[in-house]
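Residue numbers (our numbering), protein chains in the order written: chain D, 337 to 895; chain W, 250 to 355; chain L, 135 to 447; chain Z, -6 to 204.
Honestly, the hints are just simulated from the structure, not real lab data. Among the hints, erroneous ones may be present.
[Stated by the list, open to error] Cβ-to-Cβ under 7 Å is the rule here; a few derived chain D residues that face chain Z:
1) 518
2) 553
3) 557
4) 590
Note that this is a predicted model, so its numbers are computed, not measured. Glycine included, every Cβ here is placed at the ideal spot set by N, Cα and C.
In case you want the letters, here they are:
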Amino acid sequence: MSEVAFDPTAPHGVHPPSYLTAGHTLRSWLTTTDHKRIAILYMLALTLFFFIGGIAAALIRLELFTPAGDLLTAEGYNRAFTLHGVIMVWFFLVPSIPVTLGNFLVPLMIGAEDMAFPRLNLLSWYIFMAAGLLAAFTILAGGVETGWTFYTPLATAFANGNVLAAAGAVFVAGFSSIATGVNLIATIHTQRAPGMTWFRLPLFVWGMYTVSIVIVLATPVLAMALLLIMAERGLGLPIFDPAHGGDPLLFQHLFWFYSHPAVYIMILPSFGVISELVTCFARRRIFGYEFMVYAMAWISIVGFLVWGHHMFVSGMSSYASLVFSFLSFVVAVPSAIKVFNWTFTFYRGEIGFAAPMLYAIGFIGLFTVGGLTGLFLASVPVDVHVTDTYFVVAHFHYIMVGGAVSAFYGGLHFWWPKITGRLYPEAWARFAAVLMFFGFAFTFTPMFLMGFLGMPRRYYSYPAEFQIWHVLASAGALLLAFAYLLPMAYLAWSLRWGRRAGDNPWQATGLEWSTTSPPPPHNFATMPRVAEGPYLYHPAETGPQHGQPEPEQKQGDHP
Amino acid sequence: MTALRQPGPASAGVLWRRTVPVWLVLLGLLGLTLALAYQPLGRLAGPVALGIAALKAMVVALWFMQLRRPDPLLRLAASVSLVWVAFLFALTLSDLLTRTAVQVRS
Amino acid sequence: MGGVALWPAQASAEAPRVDAIFSLLLVVSAVIILLVAGLLLGFAIRYRRGSKAPRGRLPAILSRDIEIGWTSATAFLALFLFWWAGAAQLAAVQPPPQALEIRVIGRQWMWEVRHPSGARELDELHVPLGEPVRLVMSAEDVIHSFFVPAFRLKQDVVPGRLTEAWFTATQPGEYHLFCAEFCGTEHSAMRGRVVVLPPEDYARWSHAQPEGDNLAQQGAKAFVALGCAGCHVAGGPVHAPGLAGLYGRQVALADGRRVMADEAYLRDSILLPRQDVVAGYDPVMPSFAGVASEAELQRVVAYLMSLREAATP
Amino acid sequence: MSQAHPALREPWRSLHRQRQGASFGIWVFLASEVMFFAGALMVFGMLRLQHPAGFLAAARATDIWFGSVNTAVLLTSSLTMAVASQAAEAGLRRLALRCLGITALLGLAFLVVKGFEYRADILGGLVPGPTFRLEEPAAQLFFGFYWALTGVHAVHLTIGIVAVAGLAWRGWRGTLPLASPAFEVTALYWHLVDLVWVFLYPLLYLPGRSG
Chain D
337 MSEVAFDPTA PHGVHPPSYL TAGHTLRSWL TTTDHKRIAI LYMLALTLFF
387 FIGGIAAALI RLELFTPAGD LLTAEGYNRA FTLHGVIMVW FFLVPSIPVT
437 LGNFLVPLMI GAEDMAFPRL NLLSWYIFMA AGLLAAFTIL AGGVETGWTF
487 YTPLATAFAN GNVLAAAGAV FVAGFSSIAT GVNLIATIHT QRAPGMTWFR
537 LPLFVWGMYT VSIVIVLATP VLAMALLLIM AERGLGLPIF DPAHGGDPLL
587 FQHLFWFYSH PAVYIMILPS FGVISELVTC FARRRIFGYE FMVYAMAWIS
637 IVGFLVWGHH MFVSGMSSYA SLVFSFLSFV VAVPSAIKVF NWTFTFYRGE
687 IGFAAPMLYA IGFIGLFTVG GLTGLFLASV PVDVHVTDTY FVVAHFHYIM
737 VGGAVSAFYG GLHFWWPKIT GRLYPEAWAR FAAVLMFFGF AFTFTPMFLM
787 GFLGMPRRYY SYPAEFQIWH VLASAGALLL AFAYLLPMAY LAWSLRWGRR
837 AGDNPWQATG LEWSTTSPPP PHNFATMPRV AEGPYLYHPA ETGPQHGQPE
887 PEQKQGDHP
Chain W
250 MTALRQPGPA SAGVLWRRTV PVWLVLLGLL GLTLALAYQP LGRLAGPVAL
300 GIAALKAMVV ALWFMQLRRP DPLLRLAASV SLVWVAFLFA LTLSDLLTRT
350 AVQVRS
Chain L
135 MGGVALWPAQ ASAEAPRVDA IFSLLLVVSA VIILLVAGLL LGFAIRYRRG
185 SKAPRGRLPA ILSRDIEIGW TSATAFLALF LFWWAGAAQL AAVQPPPQAL
235 EIRVIGRQWM WEVRHPSGAR ELDELHVPLG EPVRLVMSAE DVIHSFFVPA
285 FRLKQDVVPG RLTEAWFTAT QPGEYHLFCA EFCGTEHSAM RGRVVVLPPE
335 DYARWSHAQP EGDNLAQQGA KAFVALGCAG CHVAGGPVHA PGLAGLYGRQ
385 VALADGRRVM ADEAYLRDSI LLPRQDVVAG YDPVMPSFAG VASEAELQRV
435 VAYLMSLREA ATP
Chain Z
-6 MSQAHPALRE PWRSLHRQRQ GASFGIWVFL ASEVMFFAGA LMVFGMLRLQ
44 HPAGFLAAAR ATDIWFGSVN TAVLLTSSLT MAVASQAAEA GLRRLALRCL
94 GITALLGLAF LVVKGFEYRA DILGGLVPGP TFRLEEPAAQ LFFGFYWALT
144 GVHAVHLTIG IVAVAGLAWR GWRGTLPLAS PAFEVTALYW HLVDLVWVFL
194 YPLLYLPGRS G
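Chain D with its partners taken away, still in its complex shape (with noise of 0.2 Å):
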């Protein structure tokens, strides 16, 4: 613990220029155009939602300690489990990675100076601040009881509320998210530096272009379903109307469309995030980088043909459950792909138990988890027993949650020295990585019990069988809303008493640790030329280097 503390008046000679010290100004964070910037802007941003629907899903867990309903009225749990379920899907899941750790890395890792529309990203900011506003006003105003789900007739006539605002703001984001998709590819086909080829792209650039294909093509879908549930609720126009012959399984149609290539925009990312951390800390060539690369083009492409699988109790005509059977089936093989090659990716490595790696690890487990289960409702006859119970509720957050949010912070720990230069405190980091596997498995494995027994989803209060499994899972959620915040305040710890970084703490290959951290404005002081492909952390075809120090002696920073 030798380092020099942190200086804010240090002169700049001792510490290249920054974006972060580029401007000081309010006024310079709300104009600028540096792709850096605004995924900060966007990481504050998702920070706040983050805790508005964590303090939502306490609520929900309380609620449920007692099989009675007694903390909050039926209404109010209604509208807890709406505000949770919006404000986590559209305000943080499908956000969150792409637009901080891909805003911020995808011009590194490709050798560029910014994304290709910068003026556009911050556009995207405000748009979504915009749509952030009007869901805060939908809080504030007493929310809404649909489920995020805002099926018709229910959101159209029964649900009281202001189901408008939700889905305006819902609505309103989507524009976000496809600006931004459109920037990222846009990026990735015009700005990548000299002998970039494509399959010398990093997988986290690769998980950033599928996922964008993804938010570009589905997005869209979403907001005229949620604009005609607006117009029959706003106007008056009978869209599905039930009495007028409209048919409420068009807008399940419409709506899945978009909500099942949703879970993929939240884990293809992750998977791109989990290759980076397994290849650096275990020292090793991924296993298969081409597989890899296709098994994410597969999953952009057949996960858009599996959405009726939501459906398979909903009246839809069951030779259509067949077809979507099948295609959710085949959907699986890519994830499978995935797994096994993380896994031999450890095979002849030179293992290290940093924190990302940790979180990195817990990933795998938690997906593989969330994956397995997915084969459970690809099946006709199991799904139509267990949909709609907490199996389902079980299954997507292992998934969403388990898979996307560990990666995002395994990501965040990976990247936070490039980020902001500093090192956190890897003890802590340790203890927080594992804290969060094992919380998030004792919250949401007991569910897939209760779920298999029966118990349905969104019900406040339930039959007193039931009640040991939510005892459990509410118990979890404490350790696991421990394990959310304790990072948030060493990390923030970080910024001001963590030790230097120093430009390249893990040692790690990819080019955005080719420059200093946090990196100049501009990114690179010259135009980066790239001659080889990913994870050269060994020559091909052998072991790594035994000779090579090991960067975590070399830090100095053994708890």
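Following the hints, complete the assembly by docking chains W, L and Z onto the known chain D.
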């Protein structure tokens, strides 16, 4: 992205001569679809009208939107959404067209 | 129910079939999880930084073979699972033609059941043991979902159309009936029970209800039980309007308006009695919101509506 | 490559690549727009399959003359927009600005005709609700879509008019170089709005005329 765009025309006359025929074709197609709408085509009326619309769309895309330029990336971006539209329609139809009515005895 | 159940009751012919697929998936999942966790932790320990394990070259051919190997293994496994689950699904699509047809109507927030014998019940479903039963279902307002975990049965009930589901009960007893599709404020109150009776008991039960305990008659009982009859009776202790023949009539209100006494009016008068006070009466009636359950409310309204049929010759 | 051309923006290294990048970006966005309208058209199409008679009867109640005139107006505006974009590219300033102005005016003309049509529809009892004129229950569904789709299209067109007028204004003031990709980007958006109408026209106006 290596394709070069066509060298621009030097005068307004060349430009008009290149675009006005396209416009005339479009107006012709409009007249045709309007006339056909009043013919007793029966079940074919819908497909014929939509076919003419697709033709018009193709003319606009190729000439006005300059998709004739040999830029494969732009063509890919322009056509990919059509594949996804096909996904949306085909799989929804797989439900709608195979639904069976519930028999009620009483 | 003593102890903590780890497996739901199997009370229909479909349940063991579903559970067989479920069990197989459990085994497959357990094997894959053990495999992944074993490899991951095994590699992580053996190849931890600084360990003496050999790290030689890995032939490219081998890695390609491994890749193709597990891709095709996963694909075959997926196809097999699809084939089995799909076959089970197709086998269960067509209900037997002789199945007992029972109508189910979902509305916020109750289930109404009509038996072929004319018997009606609310939030309960009595069915005979061992006989196929076909439910023909519709909803009056929003989408509900008829869910009986013990039967592994779930089917959404959609407004504007009919949906169907069928089962054969194999175990006598009482089972949970849930609404599984979120349907508004009191969604979690929309639950009841399914009672499986031996066929002779079912026959006896359904004949004990011959057009008997229909909604209105149950409503008459609730009318007394809730204390409505205490006031709304000729010569009662409180000056309250009589209700016979009220339904479908124009009513003059204290503030001079005239309203039609339709179903909604009857409902509102019970829940919000001060809103439309009838001319000539004092606003003394208490609100029954939160006192009468939704089911009771519907029964009472049905009873009041039936008074008109009785009054008109 | 020209250095520091006034139309060149960060992070682009040449005007040529910037133009290519901008038209690629707008095409990706247009793909998104296509999916947006496809969502509504899917629901519309499925309902038409379920209620063929009601939809034909309802389509017959729309005003085909307003619809056809507007189609012609939009097709013409696409012509002038295409000329404007290509003229800007070729450096023909006067022609580009003049055509932009005509395009914006044609867009406005479309909205004016649409306004008269809406007025006739409202007076003619074609707004779903208690005053709806047609008997068939599904006709109300059709008109639900009629209002929603033409409304959303009109919003798109309004955005287009503002963008085109803005281009013309900035081009006329000289604050926007003709080499800017903005001309082509706006033109592509304008054409897409036109294409949407090209499909709305046979779906909303033409069916049921021969019966």
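Here's how the hints hold up against the structure:
| no. | hint | result |
| --- | --- | --- |
| 1 | 518 | holds (5 Å) |
| 2 | 553 | holds (5 Å) |
| 3 | 557 | holds (4 Å) |
| 4 | 590 | holds (5 Å) |
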